[in-house]
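Colleague: Residues per chain are reported as follows:
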Amino acid sequence: MTDTFRIALAGNPNTGKSTLFNALTGLKQHTGNWAGKTVSLAEGTFKHRSKQYRFIDLPGTYSIFSNSADEEVARNYIVFEKPDLTLVVVDATSLERNLNLALQILEMTKNVVICINLMDEAEKRGITINERLLARRLGVPVIKLSARNRAGIPLLLDTIDRIVSGKIACEPVQIKYDGEIEARIASLEPFVKQVVDDRISSRWIALRLLDGDESLLKELNTRLKTKEETVCNQS
Amino acid sequence: MQSELAGRSGDLNQLYERAQQIASPNLRDKIVQKLYQESKQLCEDSVSFGKAERDKHTEKLDAIFTSPIWGFPIMIIMLGIVFYLTIAGANVPSDMIASFFGWLEGHITSLFQLMNAPDWLHGLLVLGLYRGTTWVISVMLPPMAIFFPTFALLENYGYLPRVAFNMDRVFKKVGAHGKQSLTMAMGFGCNAAAMLSSRIIESPRERMLAILTNNFVPCNGRWGTLIVLASLFMAAGYTGGAKSLVTTAVIVGIVLVGILVTFLVSWILSKTALKGVPTHYTLELPPYRRPKFWETVIRSSLQRSLSVLVRAVKVAAPAGILTWVLANVNAGDQSILLHIVHFLDPFGQMLGLDGYILMAFLVGLPANEIVLPILIMGYLSTGAMTEVDNLGDLKQIFVSHGWTWLTALNMMLFSLLHFPCGTTLVNIYKETKSAKWTFLSFIIPTAIAILVTFAVAQIARLAA
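If you read the protein sequences in the order shown, they are chains A and B. Counting along the first sequence from 1, when you hit position 85 you're at 85 in full-length UniProt numbering, and nothing is skipped either side. Counting along the second sequence from 1, when you hit position 31 you're at 31 in full-length UniProt numbering, and nothing is skipped either side.
Some hints could be false.
What the hints assert, rightly or not - Once the Cα atoms are required to be at most 27 Å apart in a straight line, the calculated BS3-like pairs of lysine-lysine come out as:
no. : chain 1 : residue 1 : chain 2 : residue 2
1   : B       : Lys30     : A       : Lys110
2   : B       : Lys34     : A       : Lys110
3   : B       : Lys172    : B       : Lys271
4   : A       : Lys110    : A       : Lys193
5   : A       : Lys167    : A       : Lys82
6   : B       : Lys30     : A       : Lys193
7   : B       : Lys275    : A       : Lys218
8   : A       : Lys110    : A       : Lys124
9   : A       : Lys218    : B       : Lys430
10  : B       : Lys433    : A       : Lys124
11  : A       : Lys218    : B       : Lys436
12  : A       : Lys176    : B       : Lys34
13  : A       : Lys124    : B       : Lys292
14  : A       : Lys218    : A       : Lys167
15  : B       : Lys30     : B       : Lys40
16  : B       : Lys60     : A       : Lys124
17  : B       : Lys433    : A       : Lys218
18  : A       : Lys110    : A       : Lys47
19  : A       : Lys82     : A       : Lys176
20  : B       : Lys56     : B       : Lys292
21  : A       : Lys110    : B       : Lys40
22  : A       : Lys82     : A       : Lys124
23  : A       : Lys124    : B       : Lys40
24  : A       : Lys110    : A       : Lys176
25  : B       : Lys40     : B       : Lys172
26  : B       : Lys30     : A       : Lys218
27  : A       : Lys82     : A       : Lys110
28  : A       : Lys176    : B       : Lys40
29  : A       : Lys167    : A       : Lys47
What the hints assert, rightly or not - DEER-style ranges, computed between Cβ atoms:
no. : chain 1 : residue 1 : chain 2 : residue 2 : range
30  : A       : Pro190    : B       : Glu59     : 49 to 57 Å
31  : A       : Asn149    : B       : Arg299    : 27 to 35 Å
32  : A       : Leu133    : B       : Glu59     : 21 to 29 Å
No lab work stands behind these hints, which were simulated from the structure alone. Only a predicted model underlies this, so the values are computations on that prediction, with no experimental measurement involved. Just so it is clear, CB atoms sit at the ideal spot from N, CA and C, and this is done for glycine as well.
Using the sequences provided together with the hints, build the complete structure.
Modeller: Structural data, given as structure tokens:
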């Protein structure tokens with residue numbers, strides 16, 4: 001028997017996300033149209049060590065504060081469709097800007113691998129990156145890649161395999177905000193836990209509600225409703 | 001069951017309200033700031049730069065192209081160079097194509113006579129359809145064949161994102177989103193396409209600003225009109241190189257007026273109907289790259305110039321027939337066209353225009369490309385049927401209908417500021433799903449076009 005694991009690819013535009021996607025899935029891909037959205041996600045399959053993987057290429061975004069349609073699609077997929085693993089592709093030549101998105105995703109979901117892509121270009125410019133230190137600080141595996149030369153892909157696949165089979169545990173870093181914000185999150189979080197099921201980070205929901213994320217509220221309302229309706233229908 | 005459902009989502013809404021009560025207004029800023037701090041710290045600790053630390057070439061160029069002092073003058077000069085090349089280069093081929101079509105028309109007419117074809121058929125097909133479409137081709141093809149490749153070269157070199165960067169500062173000041181500079185740049189090509197590109201703007205408020213003001217930059221359907229009128233009337237006293245230079249200056253001026261109006265309307269709307277503060281965003285400036293010259297030129301000529309032309313011809317053909325029918329079917333003692341023209345004329349005169357011009361803009365609603373051809377057909381249908389073999393003949397037609405430099409200027413202004421074309425309106429409705437905003441995007445530009453042309457006409461007449 002083979003298991004199928006779903007792996008989402010997130011990242012800024014122009015980071016070679018699609019190059020990695022193509023390198024991983026080859027020609028075994030099709031474009032899926034997701035209900036209610038005109039934005040389409042590409043999907044592809046891959047087999048590695050008797051495990052079946054389905055890769056989902058999310059729209060490239062700079063942040064995931066869910067303001068625009070593409071950011072909403074990416075956020076909803078990560079939070080509500082709950083992939084088994086999310087790969088965040090970052091650009092080695094502008095790591096600082098790219099890490100913003102990575103940090104935001106680490107707040108939303110547990111199983112994350114940071115892929116530092118375009119390493120070949122970075123090396124040409126004399127940039128060196130200490131990925132072990134980054135991995136320690138971020139609490140998730142960090143892997144250097146050059147997707148266009150397929151460099152680093154075996155290590156990535158190996159890491160994916162070890163995460164989905166539970167041999168590596170991800171402990172994504174949670175950003176500590178200033179005391180005031182932390183106090184508010186703490187006061188809100190218990191109530192969030194009562195309403196939202198525990199597979200979604202209550203800390204993250206509390207933070208988004210504090211930030212006034214109405215689109216998330218709407219999404220939560222409809223998702224909760226459909227869920228309960230299914231429960232009702234079954235009973 | 002129902003009450004339980006309501007209860008659950010009710011809880012969530014209550015939770016949201018509770019969160020909003022305790023949230024502070026600058027929370028988002030603090031979150032974003034913290035994210036940036038963390039990223040910065042992480043990079044300081046884990047990334048080290050070797051010798052070839054930075055892209056010096058790009059940095060040096062950016063210091064000039066996006067400088068607060070030089071950014072705008074360089075932009076205007078670049079715009080000027082593109083237009084100068086377009087105007088100076090298009091003149092001769094335009095005349096050549098026009099005289100070729102004129103020569104061909106003579107032969108087609110003889111063919112019709114040879115076959116004893118009825119007059120109305122000749123009128124409909126040759127004077128309506130043929131003239132309408134060939135005019136669009138000879139007036140529009142040469143400028144487009146120069147304008148688009150030049151523009152594409154600038155784009156591929158990486159200059160356009162810098163333009164967006166410069167504009168971004170101003171857009172923020174008037175309460176709009178910086179990305180509006182990108183949709184505006186898109187509008188120079190096609191306003192209808194720019195409506196779709198406005199999707200990149202997150203907040204609905206700022207997106208609406210971009211949609212409502214996009215029309216104030218001339219799309220390629222209007223370049224033809226602007227270039228022809230400017231070269232015929234605005235540089236009348238000059239010859240040779242100076243003539244192209246003056247024409248260029250006038251067109252750059254017109255474009256600047258359009259951009260100014262964009263800012264002004266964005267500012268007024270963001271203070272009234274669309275109140276709010278602009279949101280922050282990251283604009284990526286890619287490195288400058290030497291474009292693949294021939295590939296860019298060929299690709300943009302084929303894709304953009306040809307596709308625009310095909311569209312223009314498609315719309316121009318039926319409009320040519322319609323205009324001919326209007327001009328040749330009589331209701332009472334005069335043609336339908338003249339009825340419309342006489343009805344519109346008093347209002348047109350007030351705006352420094354005339355009834356024919358307003359009629360052309362109305363019939364030209366489906367596409368701006370055909371406004372000028374319709375106008376010419378309108379004039380020709382009432383005057384003596386002269387052959388139009390070159391631009392000089394064209395000027396004679398205008399002058400014999402009482403045109404002065406003021407008529408030309410006001411027609412250019414009206415073309416710049418008036419209602420968006422039919423395709424754009426359809427796209428606005430598709431994007432906003434709102435009849436109200438679609439109507440506003442029709443009425444705001446129209447009102448401004450009427451006001452501006454009225455004011456210019458009155459001032460010019462007082463001064464004269």
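Colleague: Could you run down the list of hints and mark each one as holding or not?
Modeller: Verification of the supplied hints:
1. With a C-alpha separation of about 24 Å, the suggested pair Lys30 (chain B) and Lys110 (chain A) falls inside the 27 Å cut-off, and the hint holds.
2. Simply put, Lys34 (chain B) and Lys110 (chain A) have alpha-carbon atoms about 20 Å apart, close enough for the 27 Å limit, and the pair holds.
3. Restraint check for Lys172 (chain B) and Lys271 (chain B): satisfied, since their Cα atoms lie roughly 13 Å apart, inside the 27 Å limit.
4. Of the supplied pair hints, the one linking Lys110 (chain A) and Lys193 (chain A) holds, its CA atoms being roughly 17 Å apart against a limit of 27 Å.
5. For the proposed pair Lys167 (chain A) and Lys82 (chain A), the alpha carbon gap of about 20 Å is at most 27 Å, so the pair holds.
6. Restraint check for Lys30 (chain B) and Lys193 (chain A): the C-alpha separation of about 24 Å stays at or below 27 Å, so the hint holds.
7. Among the hinted pairs, Lys275 (chain B) with Lys218 (chain A) is consistent with the structure: their alpha-carbon atoms are about 23 Å apart, no more than 27 Å.
8. Proposed proximity of Lys110 (chain A) and Lys124 (chain A) is contradicted: the alpha carbons are some 33 Å apart, above 27 Å.
9. Annotation: proposed proximity of Lys218 (chain A) to Lys430 (chain B) holds, straight-line Cα distance about 23 Å (limit 27 Å).
10. Proximity of Lys433 (chain B) to Lys124 (chain A) is assessed by CA-CA distance (about 49 Å); at most 27 Å being required, the pair is judged violated.
11. Taken as a hint, the Lys218 (chain A) and Lys436 (chain B) pair is honoured in the structure, with Cα atoms around 25 Å apart against an allowance of 27 Å.
12. Pair hint Lys176 (chain A) plus Lys34 (chain B) holds up; C-alpha atoms about 9 Å apart against a cutoff of 27 Å.
13. Proximity of Lys124 (chain A) to Lys292 (chain B) is assessed by CA-CA distance (about 23 Å); at most 27 Å being required, the pair is judged to hold.
14. Among the hinted pairs, Lys218 (chain A) with Lys167 (chain A) is inconsistent with the structure: their alpha-carbon atoms are about 37 Å apart, more than 27 Å.
15. With a CA separation close to 15 Å, the supplied pair Lys30 (chain B) and Lys40 (chain B) stays within the 27 Å bound.
16. Between the alpha carbons of Lys60 (chain B) and Lys124 (chain A) the distance comes to roughly 20 Å, so the proposed pair stays at or under 27 Å and holds.
17. Taking the CA atoms of Lys433 (chain B) and Lys218 (chain A), the gap is near 20 Å; set against the 27 Å cutoff, the hint holds.
18. The hinted pair formed by Lys110 (chain A) and Lys47 (chain A) meets the criterion: a straight-line CA distance of about 23 Å does not exceed 27 Å.
19. For the given pair, Lys82 (chain A) sits about 24 Å from Lys176 (chain A) by alpha-carbon distance, which is consistent with the 27 Å threshold.
20. Note on Lys56 (chain B) and Lys292 (chain B): the hinted pairing holds, with a Cα-Cα distance of about 22 Å set against a maximum of 27 Å.
21. At most 27 Å may separate the alpha-carbon atoms for a hinted pair to count; Lys110 (chain A) and Lys40 (chain B) meet this at roughly 23 Å.
22. A C-alpha spacing of about 37 Å is found between Lys82 (chain A) and Lys124 (chain A), which places the hinted pair above 27 Å, so the restraint is violated.
23. Taken as a hint, the Lys124 (chain A) and Lys40 (chain B) pair is honoured in the structure, with Cα atoms around 22 Å apart against an allowance of 27 Å.
24. Between the alpha carbons of Lys110 (chain A) and Lys176 (chain A) the distance comes to roughly 17 Å, so the proposed pair stays at or under 27 Å and holds.
25. Simply put, Lys40 (chain B) and Lys172 (chain B) have alpha-carbon atoms about 26 Å apart, close enough for the 27 Å limit, and the pair holds.
26. With a C-alpha separation of about 24 Å, the suggested pairing of Lys30 (chain B) with Lys218 (chain A) holds against the 27 Å cut-off.
27. With a C-alpha separation of about 10 Å, the suggested pair Lys82 (chain A) and Lys110 (chain A) falls inside the 27 Å cut-off, and the hint holds.
28. Note on Lys176 (chain A) and Lys40 (chain B): the hinted pairing holds, with a Cα-Cα distance of about 15 Å set against a maximum of 27 Å.
29. Between the alpha carbons of Lys167 (chain A) and Lys47 (chain A) the distance comes to roughly 19 Å, so the proposed pair stays at or under 27 Å and holds.
30. In this structure the hint that Pro190 (chain A) and Glu59 (chain B) lie 49 to 57 Å apart at CB holds, the actual value being about 51 Å.
31. At about 28 Å, the CB distance of Asn149 (chain A) to Arg299 (chain B) agrees with the hint of 27 to 35 Å.
32. Separation of Leu133 (chain A) from Glu59 (chain B) is about 28 Å and conforms to the stated range, judged on CB atoms against 21 to 29 Å.
Of the numbered hints listed earlier, those contradicted by the structure are 8, 10, 14, 22.
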